[in-house]
Amino acid sequence: MGNSLRSSLLARAVPAAVVLAIAATLLGAVPADAKVRHAERLLQVGSGTVRFSPNGDGSQDRTVFSYRPSQRASVTVTVRDARGAVVRTVDLGKQSRAWHAWWWNGRKRGGAHVRDGAYRVTFTATTARLRDSDSTRAVTRSTFDRSPNGIAFSPAIHLDRDAIYRDTTYFKDQFTWVGEEYRVTDDGSPEPTGASRITGPDGAVVYQHADNPFEQARSWDGTDQHGDRVPAGTYLLTNTWVDRYGNHLSATKPLVVADGSRVEQHFTVPVTPSEARVGTATEPYEFLAGGPKTGTYLTYACPPRASERFPDGALSFSLYDERCTVSDDTFRVDSPVDLDLTFDTVRLTTVGGPTTAGGEGTATLALTDPQLPPTTTVAGDEASTVLQTQRGWSTEHVDELTWRVARASGGYDVKSFTLDIYHYVPPA
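Count along the sequence shown starting at 1, add 1162, and that's the number in the working numbering.
No lab work stands behind these hints: they were computed from the structure. If you're wondering where the values come from, they're calculated on a predicted model, not measured in any experiment. No residue lacks a Cβ here, since even glycine has one placed at the ideal position from N, Cα and C. It cannot be assumed that every hint is accurate.
[Unchecked claim] Pairwise CB distance ranges, derived in the manner of DEER restraints:
| hint | residue 1 | residue 2 | range |
| --- | --- | --- | --- |
| 1 | P1363 | N1311 | 36 to 42 Å |
| 2 | S1297 | G1220 | 36 to 42 Å |
| 3 | V1425 | P1363 | 32 to 38 Å |
| 4 | T1251 | D1373 | 35 to 41 Å |
| 5 | A1247 | D1390 | 23 to 29 Å |
| 6 | S1436 | A1394 | 20 to 26 Å |
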(Lines of atoms letter the chains of each structure in order from A and count residues from 1; the text may use other names and numbers.)
(Lines give C-alpha, C1' and ligand atoms only; values in the text may rest on other atoms or scores of the structure.)
Protein backbone atom coordinates (compact mmCIF):
# COMPACT_ATOMS: atom_id res chain seq x y z
CA MET A 1 0.00 0.00 0.00
CA GLY A 2 2.90 2.35 0.78
CA ASN A 3 4.54 1.62 -2.56
CA SER A 4 1.25 2.22 -4.36
CA LEU A 5 0.86 5.66 -2.73
CA ARG A 6 4.42 6.65 -3.60
CA SER A 7 3.87 5.58 -7.21
CA SER A 8 0.70 7.67 -7.44
CA LEU A 9 2.38 10.80 -6.06
CA LEU A 10 5.33 10.37 -8.43
CA ALA A 11 3.01 10.04 -11.38
CA ARG A 12 1.38 13.35 -10.49
CA ALA A 13 4.70 15.15 -9.84
CA VAL A 14 6.38 14.27 -13.15
CA PRO A 15 3.91 16.11 -15.41
CA ALA A 16 4.16 19.18 -13.10
CA ALA A 17 7.94 19.14 -13.39
CA VAL A 18 7.68 18.86 -17.16
CA VAL A 19 5.32 21.84 -17.28
CA LEU A 20 7.68 23.93 -15.15
CA ALA A 21 10.62 23.02 -17.36
CA ILE A 22 8.73 23.96 -20.52
CA ALA A 23 7.61 27.27 -18.96
CA ALA A 24 11.17 28.07 -17.93
CA THR A 25 12.37 27.41 -21.47
CA LEU A 26 9.68 29.59 -23.03
CA LEU A 27 10.38 32.43 -20.61
CA GLY A 28 14.09 32.35 -21.36
CA ALA A 29 15.22 31.25 -17.91
CA VAL A 30 19.01 31.19 -17.48
CA PRO A 31 21.35 29.64 -14.92
CA ALA A 32 21.49 31.19 -11.46
CA ASP A 33 24.83 32.90 -12.02
CA ALA A 34 23.53 34.50 -15.26
CA LYS A 35 20.51 35.86 -13.41
CA VAL A 36 22.84 37.70 -11.03
CA ARG A 37 24.63 39.33 -13.94
CA HIS A 38 21.29 40.32 -15.49
CA ALA A 39 20.24 41.94 -12.20
CA GLU A 40 23.35 44.10 -12.47
CA ARG A 41 22.03 45.29 -15.89
CA LEU A 42 23.65 44.29 -19.13
CA LEU A 43 22.88 47.73 -20.59
CA GLN A 44 22.68 51.27 -19.28
CA VAL A 45 21.31 54.21 -21.27
CA GLY A 46 21.79 57.90 -20.45
CA SER A 47 18.64 59.26 -18.84
CA GLY A 48 16.68 62.42 -19.53
CA THR A 49 14.56 63.75 -22.37
CA VAL A 50 16.42 65.23 -25.33
CA ARG A 51 14.95 67.88 -27.63
CA PHE A 52 16.08 68.77 -31.14
CA SER A 53 14.84 70.20 -34.44
CA PRO A 54 15.67 68.02 -37.47
CA ASN A 55 14.69 70.72 -39.98
CA GLY A 56 18.05 71.24 -41.70
CA ASP A 57 18.75 74.78 -40.44
CA GLY A 58 22.08 73.77 -38.94
CA SER A 59 21.00 74.20 -35.31
CA GLN A 60 20.41 71.06 -33.24
CA ASP A 61 19.52 69.11 -36.39
CA ARG A 62 20.50 65.89 -34.65
CA THR A 63 20.89 64.61 -31.12
CA VAL A 64 23.08 62.09 -29.35
CA PHE A 65 22.21 59.19 -27.07
CA SER A 66 24.72 57.48 -24.79
CA TYR A 67 24.70 53.79 -23.84
CA ARG A 68 27.01 51.37 -22.06
CA PRO A 69 27.03 47.55 -22.14
CA SER A 70 28.39 45.97 -18.96
CA GLN A 71 30.18 43.40 -21.16
CA ARG A 72 30.82 42.94 -24.87
CA ALA A 73 27.43 42.60 -26.55
CA SER A 74 25.53 43.10 -29.79
CA VAL A 75 23.50 46.31 -29.62
CA THR A 76 20.50 47.48 -31.62
CA VAL A 77 18.47 50.66 -31.30
CA THR A 78 14.78 51.03 -32.08
CA VAL A 79 12.85 54.30 -32.34
CA ARG A 80 9.07 54.26 -31.85
CA ASP A 81 6.56 57.08 -32.15
CA ALA A 82 3.90 57.93 -29.58
CA ARG A 83 1.61 55.18 -30.97
CA GLY A 84 4.32 52.55 -30.65
CA ALA A 85 5.01 52.24 -34.38
CA VAL A 86 8.66 51.59 -35.30
CA VAL A 87 10.12 54.44 -37.35
CA ARG A 88 13.81 53.45 -37.27
CA THR A 89 15.90 50.39 -36.36
CA VAL A 90 19.69 50.36 -36.44
CA ASP A 91 22.07 47.46 -35.79
CA LEU A 92 25.05 48.96 -33.97
CA GLY A 93 27.00 45.68 -34.05
CA LYS A 94 29.31 44.36 -31.35
CA GLN A 95 30.11 46.94 -28.70
CA SER A 96 32.72 46.81 -25.94
CA ARG A 97 32.22 47.50 -22.24
CA ALA A 98 32.38 51.31 -22.43
CA TRP A 99 30.20 54.35 -23.04
CA HIS A 100 29.24 54.77 -26.68
CA ALA A 101 27.29 57.43 -28.57
CA TRP A 102 24.62 57.10 -31.24
CA TRP A 103 23.53 60.16 -33.19
CA TRP A 104 20.03 60.41 -34.60
CA ASN A 105 19.16 62.96 -37.26
CA GLY A 106 15.42 62.57 -36.85
CA ARG A 107 14.98 60.54 -40.03
CA LYS A 108 12.97 57.40 -40.66
CA ARG A 109 14.23 54.23 -42.28
CA GLY A 110 13.52 55.65 -45.75
CA GLY A 111 15.32 58.93 -45.08
CA ALA A 112 12.28 61.15 -44.54
CA HIS A 113 12.09 63.38 -41.46
CA VAL A 114 9.86 62.24 -38.64
CA ARG A 115 6.91 64.37 -37.62
CA ASP A 116 7.08 66.70 -34.62
CA GLY A 117 6.35 64.80 -31.44
CA ALA A 118 7.67 62.47 -28.75
CA TYR A 119 9.65 59.31 -29.52
CA ARG A 120 10.88 56.42 -27.38
CA VAL A 121 14.42 55.30 -28.16
CA THR A 122 15.17 51.76 -26.96
CA PHE A 123 18.63 50.17 -26.91
CA THR A 124 18.87 46.37 -26.69
CA ALA A 125 22.05 44.47 -25.81
CA THR A 126 22.38 40.74 -26.45
CA THR A 127 25.00 38.14 -25.56
CA ALA A 128 24.95 34.36 -25.88
CA ARG A 129 23.17 34.07 -22.52
CA LEU A 130 21.69 37.51 -21.78
CA ARG A 131 19.38 40.08 -23.30
CA ASP A 132 18.65 43.51 -21.79
CA SER A 133 16.92 46.74 -22.92
CA ASP A 134 16.78 50.30 -21.69
CA SER A 135 14.95 53.34 -23.09
CA THR A 136 15.04 57.10 -23.14
CA ARG A 137 12.86 59.80 -24.70
CA ALA A 138 13.31 62.31 -27.52
CA VAL A 139 11.04 65.18 -28.59
CA THR A 140 11.30 66.85 -31.99
CA ARG A 141 9.96 70.22 -33.12
CA SER A 142 10.75 71.96 -36.42
CA THR A 143 9.32 75.43 -35.64
CA PHE A 144 10.05 77.90 -32.82
CA ASP A 145 8.18 77.12 -29.61
CA ARG A 146 6.31 80.36 -28.83
CA SER A 147 4.60 78.93 -25.75
CA PRO A 148 7.14 77.05 -23.62
CA ASN A 149 5.41 75.75 -20.50
CA GLY A 150 2.21 77.41 -21.75
CA ILE A 151 3.61 80.96 -21.42
CA ALA A 152 3.05 82.96 -24.62
CA PHE A 153 6.13 84.69 -26.07
CA SER A 154 6.32 87.60 -28.51
CA PRO A 155 9.79 88.67 -29.71
CA ALA A 156 10.60 92.29 -28.93
CA ILE A 157 13.60 94.57 -28.39
CA HIS A 158 13.27 97.32 -25.78
CA LEU A 159 15.59 100.14 -26.93
CA ASP A 160 16.26 103.33 -24.96
CA ARG A 161 16.89 105.64 -27.97
CA ASP A 162 16.74 105.71 -31.76
CA ALA A 163 20.00 107.61 -32.39
CA ILE A 164 23.31 108.47 -30.75
CA TYR A 165 25.48 111.56 -31.28
CA ARG A 166 28.98 110.40 -30.62
CA ASP A 167 30.58 113.84 -30.19
CA THR A 168 28.50 114.38 -27.04
CA THR A 169 30.73 115.24 -24.07
CA TYR A 170 28.12 115.67 -21.30
CA PHE A 171 27.84 111.90 -21.01
CA LYS A 172 28.57 108.78 -23.06
CA ASP A 173 25.86 108.66 -25.69
CA GLN A 174 25.18 105.00 -26.42
CA PHE A 175 22.37 102.60 -27.24
CA THR A 176 21.09 100.38 -24.44
CA TRP A 177 18.54 97.63 -24.98
CA VAL A 178 17.19 94.40 -23.61
CA GLY A 179 15.44 91.57 -25.40
CA GLU A 180 12.09 90.27 -24.26
CA GLU A 181 12.50 87.47 -21.70
CA TYR A 182 11.91 84.03 -23.18
CA ARG A 183 10.49 82.08 -20.25
CA VAL A 184 11.61 78.51 -20.87
CA THR A 185 11.27 77.48 -17.23
CA ASP A 186 8.97 78.42 -14.38
CA ASP A 187 11.32 77.59 -11.50
CA GLY A 188 12.65 81.11 -10.98
CA SER A 189 15.91 80.61 -12.90
CA PRO A 190 17.18 83.43 -15.17
CA GLU A 191 15.43 83.73 -18.51
CA PRO A 192 17.20 83.93 -21.91
CA THR A 193 16.92 87.37 -23.55
CA GLY A 194 18.48 86.40 -26.87
CA ALA A 195 21.81 86.85 -28.62
CA SER A 196 22.46 90.28 -30.17
CA ARG A 197 24.20 91.28 -33.39
CA ILE A 198 24.62 94.68 -35.07
CA THR A 199 25.42 94.94 -38.77
CA GLY A 200 26.38 97.97 -40.85
CA PRO A 201 24.88 99.25 -44.12
CA ASP A 202 27.22 96.85 -45.95
CA GLY A 203 26.11 93.87 -43.87
CA ALA A 204 29.39 93.61 -41.95
CA VAL A 205 29.07 92.66 -38.26
CA VAL A 206 30.28 95.44 -35.94
CA TYR A 207 28.96 94.05 -32.64
CA GLN A 208 27.83 90.68 -31.35
CA HIS A 209 26.97 89.31 -27.94
CA ALA A 210 26.01 85.75 -27.03
CA ASP A 211 22.84 85.04 -25.07
CA ASN A 212 23.45 85.42 -21.34
CA PRO A 213 20.35 85.29 -19.10
CA PHE A 214 22.34 86.72 -16.18
CA GLU A 215 23.14 89.91 -18.13
CA GLN A 216 19.94 91.69 -19.11
CA ALA A 217 20.78 95.15 -20.57
CA ARG A 218 23.40 95.53 -23.32
CA SER A 219 25.00 98.66 -24.75
CA TRP A 220 26.70 99.85 -27.95
CA ASP A 221 28.56 103.15 -28.29
CA GLY A 222 29.05 103.22 -32.05
CA THR A 223 32.39 101.43 -32.23
CA ASP A 224 33.31 98.20 -33.98
CA GLN A 225 34.73 95.04 -32.43
CA HIS A 226 38.22 96.60 -32.53
CA GLY A 227 37.12 99.73 -30.65
CA ASP A 228 37.24 101.99 -33.73
CA ARG A 229 34.41 104.42 -34.50
CA VAL A 230 32.09 103.21 -37.22
CA PRO A 231 31.01 105.57 -40.02
CA ALA A 232 27.83 107.57 -39.49
CA GLY A 233 24.79 105.81 -40.88
CA THR A 234 21.92 103.45 -40.11
CA TYR A 235 22.78 100.11 -38.54
CA LEU A 236 20.59 97.10 -37.83
CA LEU A 237 20.25 95.48 -34.40
CA THR A 238 19.09 91.84 -34.54
CA ASN A 239 18.13 89.94 -31.42
CA THR A 240 17.75 86.18 -31.80
CA TRP A 241 16.17 83.73 -29.37
CA VAL A 242 16.71 79.95 -29.42
CA ASP A 243 14.18 77.50 -28.01
CA ARG A 244 14.95 74.19 -26.32
CA TYR A 245 14.86 72.39 -29.66
CA GLY A 246 17.36 74.67 -31.43
CA ASN A 247 14.84 76.70 -33.47
CA HIS A 248 15.53 80.42 -33.94
CA LEU A 249 13.30 83.51 -33.87
CA SER A 250 14.53 87.08 -34.45
CA ALA A 251 13.46 90.71 -34.10
CA THR A 252 15.22 93.81 -35.48
CA LYS A 253 15.60 97.53 -34.70
CA PRO A 254 17.32 100.26 -36.77
CA LEU A 255 20.08 102.23 -35.01
CA VAL A 256 21.17 105.65 -36.28
CA VAL A 257 24.77 106.69 -35.59
CA ALA A 258 25.23 110.43 -36.18
CA ASP A 259 28.02 112.98 -35.92
CA GLY A 260 27.65 116.05 -33.72
CA SER A 261 26.73 116.54 -30.07
CA ARG A 262 23.53 116.70 -28.09
CA VAL A 263 22.66 120.18 -26.84
CA GLU A 264 22.05 120.84 -23.14
CA GLN A 265 18.93 122.70 -22.02
CA HIS A 266 18.70 123.83 -18.38
CA PHE A 267 15.40 124.49 -16.59
CA THR A 268 15.02 125.75 -13.01
CA VAL A 269 11.68 125.15 -11.31
CA PRO A 270 11.25 126.69 -7.82
CA VAL A 271 8.20 125.51 -5.89
CA THR A 272 6.82 125.95 -2.38
CA PRO A 273 5.92 122.79 -0.42
CA SER A 274 2.24 123.72 -0.15
CA GLU A 275 1.99 124.16 -3.95
CA ALA A 276 3.53 120.78 -4.73
CA ARG A 277 1.86 118.80 -1.95
CA VAL A 278 -0.24 115.85 -3.16
CA GLY A 279 -1.95 114.92 0.10
CA THR A 280 -5.13 116.70 1.17
CA ALA A 281 -5.53 115.51 4.78
CA THR A 282 -5.54 118.23 7.46
CA GLU A 283 -6.13 116.07 10.54
CA PRO A 284 -4.48 112.87 11.84
CA TYR A 285 -5.80 109.78 10.06
CA GLU A 286 -5.68 106.02 10.58
CA PHE A 287 -3.68 103.69 8.35
CA LEU A 288 -2.52 100.08 8.42
CA ALA A 289 1.22 99.73 9.10
CA GLY A 290 3.62 96.80 9.43
CA GLY A 291 4.16 93.83 7.15
CA PRO A 292 4.39 90.03 6.88
CA LYS A 293 7.39 89.77 9.22
CA THR A 294 6.22 92.13 11.96
CA GLY A 295 2.49 91.78 11.50
CA THR A 296 0.08 94.57 10.63
CA TYR A 297 -1.37 97.05 13.06
CA LEU A 298 -3.52 100.19 13.00
CA THR A 299 -1.81 103.50 13.74
CA TYR A 300 -2.09 107.21 12.95
CA ALA A 301 -0.26 109.60 10.62
CA CYS A 302 0.05 113.33 11.19
CA PRO A 303 -0.16 115.24 7.88
CA PRO A 304 2.14 118.29 7.59
CA ARG A 305 0.86 121.62 8.85
CA ALA A 306 1.74 125.22 7.96
CA SER A 307 5.17 126.12 9.30
CA GLU A 308 5.38 128.76 12.01
CA ARG A 309 9.10 129.16 11.47
CA PHE A 310 9.32 129.76 7.71
CA PRO A 311 7.23 131.96 5.33
CA ASP A 312 3.86 131.08 3.81
CA GLY A 313 3.95 127.89 1.77
CA ALA A 314 6.41 126.10 4.08
CA LEU A 315 5.28 122.91 5.83
CA SER A 316 6.08 121.40 9.21
CA PHE A 317 6.43 117.64 9.81
CA SER A 318 6.02 116.58 13.45
CA LEU A 319 4.08 114.24 15.76
CA TYR A 320 1.76 116.93 17.10
CA ASP A 321 -0.84 114.30 18.03
CA GLU A 322 0.19 111.65 20.57
CA ARG A 323 -1.56 108.94 18.53
CA CYS A 324 0.69 109.54 15.50
CA THR A 325 3.75 107.44 14.70
CA VAL A 326 4.63 109.05 11.34
CA SER A 327 4.41 112.41 9.60
CA ASP A 328 5.02 112.46 5.86
CA ASP A 329 3.62 113.48 2.49
CA THR A 330 4.16 113.26 -1.27
CA PHE A 331 5.00 116.15 -3.61
CA ARG A 332 4.69 116.42 -7.36
CA VAL A 333 5.32 118.94 -10.18
CA ASP A 334 4.98 118.75 -13.95
CA SER A 335 8.22 118.73 -15.90
CA PRO A 336 8.62 121.58 -18.41
CA VAL A 337 9.93 119.01 -20.93
CA ASP A 338 9.43 115.32 -21.60
CA LEU A 339 12.39 113.71 -19.81
CA ASP A 340 14.43 110.73 -20.91
CA LEU A 341 16.21 109.78 -17.70
CA THR A 342 18.64 107.57 -19.57
CA PHE A 343 20.62 110.76 -20.13
CA ASP A 344 18.55 113.67 -18.75
CA THR A 345 19.21 114.50 -15.10
CA VAL A 346 17.21 116.15 -12.33
CA ARG A 347 18.52 117.79 -9.13
CA LEU A 348 16.10 118.34 -6.28
CA THR A 349 17.26 120.88 -3.68
CA THR A 350 15.36 121.05 -0.41
CA VAL A 351 15.86 123.88 2.09
CA GLY A 352 14.62 123.50 5.67
CA GLY A 353 15.54 122.94 9.26
CA PRO A 354 14.28 121.86 12.70
CA THR A 355 10.82 123.10 13.61
CA THR A 356 12.40 125.17 16.38
CA ALA A 357 15.39 127.26 15.33
CA GLY A 358 18.49 125.86 16.94
CA GLY A 359 16.64 122.70 17.95
CA GLU A 360 16.95 119.14 16.75
CA GLY A 361 15.04 117.53 13.94
CA THR A 362 15.66 115.61 10.72
CA ALA A 363 13.64 114.20 7.85
CA THR A 364 14.20 111.84 4.95
CA LEU A 365 13.84 112.96 1.36
CA ALA A 366 13.30 110.51 -1.49
CA LEU A 367 12.66 110.85 -5.21
CA THR A 368 9.95 108.35 -6.01
CA ASP A 369 9.56 108.96 -9.76
CA PRO A 370 12.30 108.52 -10.83
CA GLN A 371 13.03 106.32 -7.83
CA LEU A 372 16.18 106.82 -5.76
CA PRO A 373 17.28 105.66 -2.30
CA PRO A 374 16.24 108.13 0.46
CA THR A 375 18.67 110.77 1.67
CA THR A 376 18.53 112.04 5.24
CA THR A 377 18.46 115.81 5.56
CA VAL A 378 20.90 117.34 7.99
CA ALA A 379 19.81 119.32 11.03
CA GLY A 380 20.56 123.02 11.04
CA ASP A 381 19.10 126.40 10.25
CA GLU A 382 17.97 126.52 6.62
CA ALA A 383 20.25 123.66 5.62
CA SER A 384 19.91 122.44 2.02
CA THR A 385 19.88 118.84 0.80
CA VAL A 386 20.36 117.83 -2.84
CA LEU A 387 19.20 114.68 -4.59
CA GLN A 388 20.27 113.99 -8.18
CA THR A 389 18.97 111.30 -10.49
CA GLN A 390 21.43 108.67 -11.55
CA ARG A 391 21.67 107.84 -15.22
CA GLY A 392 20.48 104.35 -16.02
CA TRP A 393 18.62 102.84 -18.88
CA SER A 394 14.92 103.14 -19.47
CA THR A 395 12.50 102.95 -22.37
CA GLU A 396 9.95 105.23 -20.69
CA HIS A 397 9.81 109.02 -20.64
CA VAL A 398 8.81 111.07 -17.60
CA ASP A 399 6.57 114.15 -17.74
CA GLU A 400 6.26 114.74 -14.01
CA LEU A 401 8.53 114.44 -10.96
CA THR A 402 7.46 113.02 -7.61
CA TRP A 403 9.23 112.97 -4.25
CA ARG A 404 8.45 112.28 -0.62
CA VAL A 405 9.36 113.89 2.71
CA ALA A 406 9.07 112.03 6.02
CA ARG A 407 9.91 113.15 9.55
CA ALA A 408 12.82 111.13 10.96
CA SER A 409 13.36 112.68 14.39
CA GLY A 410 12.00 115.65 16.34
CA GLY A 411 10.17 118.10 14.13
CA TYR A 412 11.36 119.25 10.71
CA ASP A 413 10.09 122.13 8.53
CA VAL A 414 10.58 122.38 4.77
CA LYS A 415 10.95 125.92 3.46
CA SER A 416 11.30 125.39 -0.29
CA PHE A 417 12.03 123.02 -3.16
CA THR A 418 14.03 123.77 -6.30
CA LEU A 419 14.23 121.48 -9.32
CA ASP A 420 17.13 121.86 -11.76
CA ILE A 421 16.44 119.91 -14.93
CA TYR A 422 19.16 119.19 -17.49
CA HIS A 423 17.63 118.08 -20.77
CA TYR A 424 19.65 116.99 -23.82
CA VAL A 425 18.33 117.29 -27.36
CA PRO A 426 19.76 116.41 -30.79
CA PRO A 427 21.73 119.11 -32.60
CA ALA A 428 19.72 121.45 -34.80
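Broken hints, numbered, in rising order?
2, 3, 5, 6
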